[in-house]
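2 protein chains.
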Amino acid sequence: MPSTNHTFPSRTEHRAWLASQAALPAGFRVGTARFEFTPFEVPKPAKMTITLIVLDQPTPDFAAMFTKNAFPGAPVIVGRKRLEEPKLGAILVNNKISNVCAPGGVETSERLCAAAAKTLGLNASEILPSSTGVIGWRLPADAIAAALPQAISSLAAGSILPAAEGIVTTDLYPKIRRADLLGGSIVGIAKGAGMIEPNMATMLVYILTDLAVPRADLRKILARSVDRSFNCMSIDSDTSTSDTVAILSSGKVPCSDLAAFEAALNIVCADLAEDVARNGEGVRHVMRVKVSGAPTEQTARAIAKTIVNAPLFKCAVAGNDANVGRLVQAVGKYVGANEPTIALGRTQMKFGGIPIVKDGIFALDPTKEKALVAHLKSAELYESAPPKDGVFAPPIDFPPHERCVEIEVDLGVGSASATVIGADLTHEYVSENADYRS
Amino acid sequence: MPSTNHTFPSRTEHRAWLASQAALPAGFRVGTARFEFTPFEVPKPAKMTITLIVLDQPTPDFAAMFTKNAFPGAPVIVGRKRLEEPKLGAILVNNKISNVCAPGGVETSERLCAAAAKTLGLNASEILPSSTGVIGWRLPADAIAAALPQAISSLAAGSILPAAEGIVTTDLYPKIRRADLLGGSIVGIAKGAGMIEPNMATMLVYILTDLAVPRADLRKILARSVDRSFNCMSIDSDTSTSDTVAILSSGKVPCSDLAAFEAALNIVCADLAEDVARNGEGVRHVMRVKVSGAPTEQTARAIAKTIVNAPLFKCAVAGNDANVGRLVQAVGKYVGANEPTIALGRTQMKFGGIPIVKDGIFALDPTKEKALVAHLKSAELYESAPPKDGVFAPPIDFPPHERCVEIEVDLGVGSASATVIGADLTHEYVSENADYRS
Numbered sequence: 036m037p038s039t040n041h042t043f044p045s046r047t048e049h050r051a052w053l054a055s056q057a058a059l060p061a062g063f064r065v066g067t068a069r070f071e072f073t074p075f076e077v078p079k080p081a082k083m084t085i086t087l088i089v090l091d092q093p094t095p096d097f098a099a100m101f102t103k104n105a106f107p108g109a110p111v112i113v114g115r116k117r118l119e120e121p122k123l124g125a126i127l128v129n130n131k132i133s134n135v136c137a138p139g140g141v142e143t144s145e146r147l148c149a150a151a152a153k154t155l156g157l158n159a160s161e162i163l164p165s166s167t168g169v170i171g172w173r174l175p176a177d178a179i180a181a182a183l184p185q186a187i188s189s190l191a192a193g194s195i196l197p198a199a200e201g202i203v204t205t206d207l208y209p210k211i212r213r214a215d216l217l218g219g220s221i222v223g224i225a226k227g228a229g230m231i232e233p234n235m236a237t238m239l240v241y242i243l244t245d246l247a248v249p250r251a252d253l254r255k256i257l258a259r260s261v262d263r264s265f266n267c268m269s270i271d272s273d274t275s276t277s278d279t280v281a282i283l284s285s286g287k288v289p290c291s292d293l294a295a296f297e298a299a300l301n302i303v304c305a306d307l308a309e310d311v312a313r314n315g316e317g318v319r320h321v322m323r324v325k326v327s328g329a330p331t332e333q334t335a336r337a338i339a340k341t342i343v344n345a346p347l348f349k350c351a352v353a354g355n356d357a358n359v360g361r362l363v364q365a366v367g368k369y370v371g372a373n374e375p376t377i378a379l380g381r382t383q384m385k386f387g388g389i390p391i392v393k394d395g396i397f398a399l400d401p402t403k404e405k406a407l408v409a410h411l412k413s414a415e416l417y418e419s420a421p422p423k424d425g426v427f428a429p430p431i432d433f434p435p436h437e438r439c440v441e442i443e444v445d446l447g448v449g450s451a452s453a454t455v456i457g458a459d460l461t462h463e464y465v466s467e468n469a470d471y472r473s
Numbered sequence: 036m037p038s039t040n041h042t043f044p045s046r047t048e049h050r051a052w053l054a055s056q057a058a059l060p061a062g063f064r065v066g067t068a069r070f071e072f073t074p075f076e077v078p079k080p081a082k083m084t085i086t087l088i089v090l091d092q093p094t095p096d097f098a099a100m101f102t103k104n105a106f107p108g109a110p111v112i113v114g115r116k117r118l119e120e121p122k123l124g125a126i127l128v129n130n131k132i133s134n135v136c137a138p139g140g141v142e143t144s145e146r147l148c149a150a151a152a153k154t155l156g157l158n159a160s161e162i163l164p165s166s167t168g169v170i171g172w173r174l175p176a177d178a179i180a181a182a183l184p185q186a187i188s189s190l191a192a193g194s195i196l197p198a199a200e201g202i203v204t205t206d207l208y209p210k211i212r213r214a215d216l217l218g219g220s221i222v223g224i225a226k227g228a229g230m231i232e233p234n235m236a237t238m239l240v241y242i243l244t245d246l247a248v249p250r251a252d253l254r255k256i257l258a259r260s261v262d263r264s265f266n267c268m269s270i271d272s273d274t275s276t277s278d279t280v281a282i283l284s285s286g287k288v289p290c291s292d293l294a295a296f297e298a299a300l301n302i303v304c305a306d307l308a309e310d311v312a313r314n315g316e317g318v319r320h321v322m323r324v325k326v327s328g329a330p331t332e333q334t335a336r337a338i339a340k341t342i343v344n345a346p347l348f349k350c351a352v353a354g355n356d357a358n359v360g361r362l363v364q365a366v367g368k369y370v371g372a373n374e375p376t377i378a379l380g381r382t383q384m385k386f387g388g389i390p391i392v393k394d395g396i397f398a399l400d401p402t403k404e405k406a407l408v409a410h411l412k413s414a415e416l417y418e419s420a421p422p423k424d425g426v427f428a429p430p431i432d433f434p435p436h437e438r439c440v441e442i443e444v445d446l447g448v449g450s451a452s453a454t455v456i457g458a459d460l461t462h463e464y465v466s467e468n469a470d471y472r473s
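Chains as they are written, first to last, in my numbering: chain A, 36 to 473; chain U, 36 to 473.
Derived by calculation from the structure, the hints in this document are not laboratory data. One or more of the hints may lead you astray.
As the list makes no split between identical chains, a pair holds if one copy fits it or if it spans any two.
Said to hold, decoys possible - List time: in silico DSSO-like cross-link candidates among lysine-lysine, alpha-carbon distance up to 27 Å: (1) Lys393 / Lys103; (2) Lys79 / Lys405; (3) Lys393 / Lys116; (4) Lys412 / Lys423; (5) Lys287 / Lys255; (6) Lys325 / Lys103; (7) Lys153 / Lys122; (8) Lys403 / Lys393; (9) Lys325 / Lys393; (10) Lys385 / Lys103; (11) Lys405 / Lys82; (12) Lys325 / Lys405; (13) Lys403 / Lys79; (14) Lys82 / Lys403; (15) Lys385 / Lys405; (16) Lys103 / Lys116; (17) Lys412 / Lys385; (18) Lys79 / Lys412; (19) Lys79 / Lys393; (20) Lys103 / Lys255; (21) Lys79 / Lys385.
Please read these numbers as outputs of a predicted model, since none were measured by experiment.
Can you make the complete structure from the sequences, with help from the hints?
What follows is the structure in structure tokens.
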């Protein structure tokens, strides 16, 4: 089930592995600039990084998907318009402020695209903007415009790592995944589900390829890949106002096999989604929940999401507590509220491969209980320690392994299945989201 | 909006107030017994209380509503059958173990009803069973049967307080609400949303009245009251497998005004629901969210529930952080995912009475920010302090006040509204649900 199973004994080894993944596909350059500014709403110094991803030649072959939140950020509103444009030449990203429901937000976003376009020799409509960070604040447009020349002068074709680092907020580490195939490559970076003090999570994903996949195919393929990866992940059930996944093809390498391209993109997207979960706020355990035997894939996915989002079960996993009662509760909660006609009398459940429910009835004993706890401990990313100041923070800034808490639920009523990635609910999550303000 | 606004400077004053609410309606007695036993699954000593609520004469006038969880507890399965019986004479409640998906659970529940019925001179079918506590464990049927005579010998007509105390698990304090009207009374008790180590929340509510309301009316009225109170509350979005709300009328006092009865029952249920939220696991702030201007009441309620269940917003409230971006996120999340045709451009939002969103755009400034924080602090039940052992626990076992964080969202697109009670997400919640096990 997992496409990778690395272990990283130290940050150094994780960084070396990231570097090994970071070569840019042909036809792209990335550059960044970091600067200090003073937000209008909270007049204290803050720092922002702008990241540019630039194509050597504008391309018609691009695709993007955006948040379904009904209060979308201004860059999402602009980005949806860009989908109708004939070509895209660059992506301009800022962190720290997400430009959501802010007065004049769309105008500011367009103004910054125009400023970047002028120096890059593009049209403003050929630039896709993205912003992530505090919701409610206004973008410091003048400060961003002033920093653009530095970002442009730093554009380089070697590595995507500067962009992977430039787009993060409180992520613990950058995230890069790649696939090499058919003489070209697919390279993706992701940001999230980090928090920026004091505001909400945003996921940004940019995928670059030199394989020539026409726009119409690229859009269909991206939609399917996203549906099976990022749409099958939940850290805390909250939907960002800025979520964006974009893919750009430079077309430098002919693509002889669209099916192979799609399969490789699926893996890149699924691995990035798991990276995002593993680096989620305060995450100590990643959960992988497979629901099978369902009447439809939609039902299977909804039940799996209910499990990974059930606060009581998430807390139990955080505590290495094999609280199977809370797992059963979550399944029953979804079915009872949404599809009460599904009979659960043939439900089987496994936890770390160990059968715990047989035909809807618990099959537990003290020996199994110990094995369940051992499985939970093996998937723990770090041990939580109470800090002196009361603010919990993860003691690592790299992922020590890629193991998950593995949960299987077979409803026994159909043949559809789905797998969802999630995470536990920890003191580190609460500290990150409650403890840094008055 | 709040029906009560007490403050309790100390536990003593809270207890005195509870005592003032506790007089039983005519025609009822309550009794309890507490004993030690050894669970089959985790062979360590544990304690259980059984609680009996007994009518002087079995009554045809009773109503009950149960969890919609599709893995209902055995007592819920039995309770649904009881609704068809001509009369009910008693309720038998145990805490500590919830008897859910346990081998032979229904048979055990019926066996205990039969044992109680024999001593009380009733039929087994005239007893409504309830169990709350650990999911997955089996009831200690022999130990419960052995304790029944003690509970029966303690039956007394004076106060409902022993029952309010007998049904709790990890609740910090018992919950009683009453209404006196038309020469009779309605008295309700509630358990939840406490946790029993190491398992999941259950809400149990029993309401007794001496007012003679015929069964058919009682059932319709209870359904409406529950829909506006307990169904408008969420501590953590997890639905217990054992939730039960039951009302019994002894019929001792003629009821001349059904509308007055329903109005009084509405208040008793709404106040108990708020009590349950205020005593929710680790709760430091109760939130009251009113959504108005909605196309339907269902939409208004769903948006309000999305707000009180949004983990990031709950964490912000816990930290006295007026993070209005997360509030906007929650509204947009629901609308985008479920009713994307609703336009949010006329949305107004208030926080503690202070306007923060006007026509879908933030209206914020540093002065308002201070006022929002002051509102949050005024609604805080206690200050969180990092404990030496890393396990957070509320420092109080009574509710110091009945204030809420008040949030109003006016969608401006219709005339329907709903109000939902919820709570924040704290270190105390995580500690209660993660920190007590290996």
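Hints and how they fare:
no.: 1; hint: Lys393 / Lys103; result: between (38 Å within a copy, 22 Å between copies)
no.: 2; hint: Lys79 / Lys405; result: between (51 Å within a copy, 15 Å between copies)
no.: 3; hint: Lys393 / Lys116; result: between (52 Å within a copy, 25 Å between copies)
no.: 4; hint: Lys412 / Lys423; result: both (24 Å within a copy, 24 Å between copies)
no.: 5; hint: Lys287 / Lys255; result: within (21 Å within a copy, 70 Å between copies)
no.: 6; hint: Lys325 / Lys103; result: both (24 Å within a copy, 24 Å between copies)
no.: 7; hint: Lys153 / Lys122; result: within (16 Å within a copy, 83 Å between copies)
no.: 8; hint: Lys403 / Lys393; result: within (14 Å within a copy, 56 Å between copies)
no.: 9; hint: Lys325 / Lys393; result: within (16 Å within a copy, 43 Å between copies)
no.: 10; hint: Lys385 / Lys103; result: between (33 Å within a copy, 24 Å between copies)
no.: 11; hint: Lys405 / Lys82; result: between (48 Å within a copy, 23 Å between copies)
no.: 12; hint: Lys325 / Lys405; result: within (22 Å within a copy, 46 Å between copies)
no.: 13; hint: Lys403 / Lys79; result: between (54 Å within a copy, 17 Å between copies)
no.: 14; hint: Lys82 / Lys403; result: between (50 Å within a copy, 24 Å between copies)
no.: 15; hint: Lys385 / Lys405; result: within (14 Å within a copy, 50 Å between copies)
no.: 16; hint: Lys103 / Lys116; result: within (15 Å within a copy, 44 Å between copies)
no.: 17; hint: Lys412 / Lys385; result: within (17 Å within a copy, 44 Å between copies)
no.: 18; hint: Lys79 / Lys412; result: between (42 Å within a copy, 23 Å between copies)
no.: 19; hint: Lys79 / Lys393; result: between (58 Å within a copy, 26 Å between copies)
no.: 20; hint: Lys103 / Lys255; result: within (18 Å within a copy, 39 Å between copies)
no.: 21; hint: Lys79 / Lys385; result: between (51 Å within a copy, 26 Å between copies)
In summary, this structure violates none of the numbered hints.
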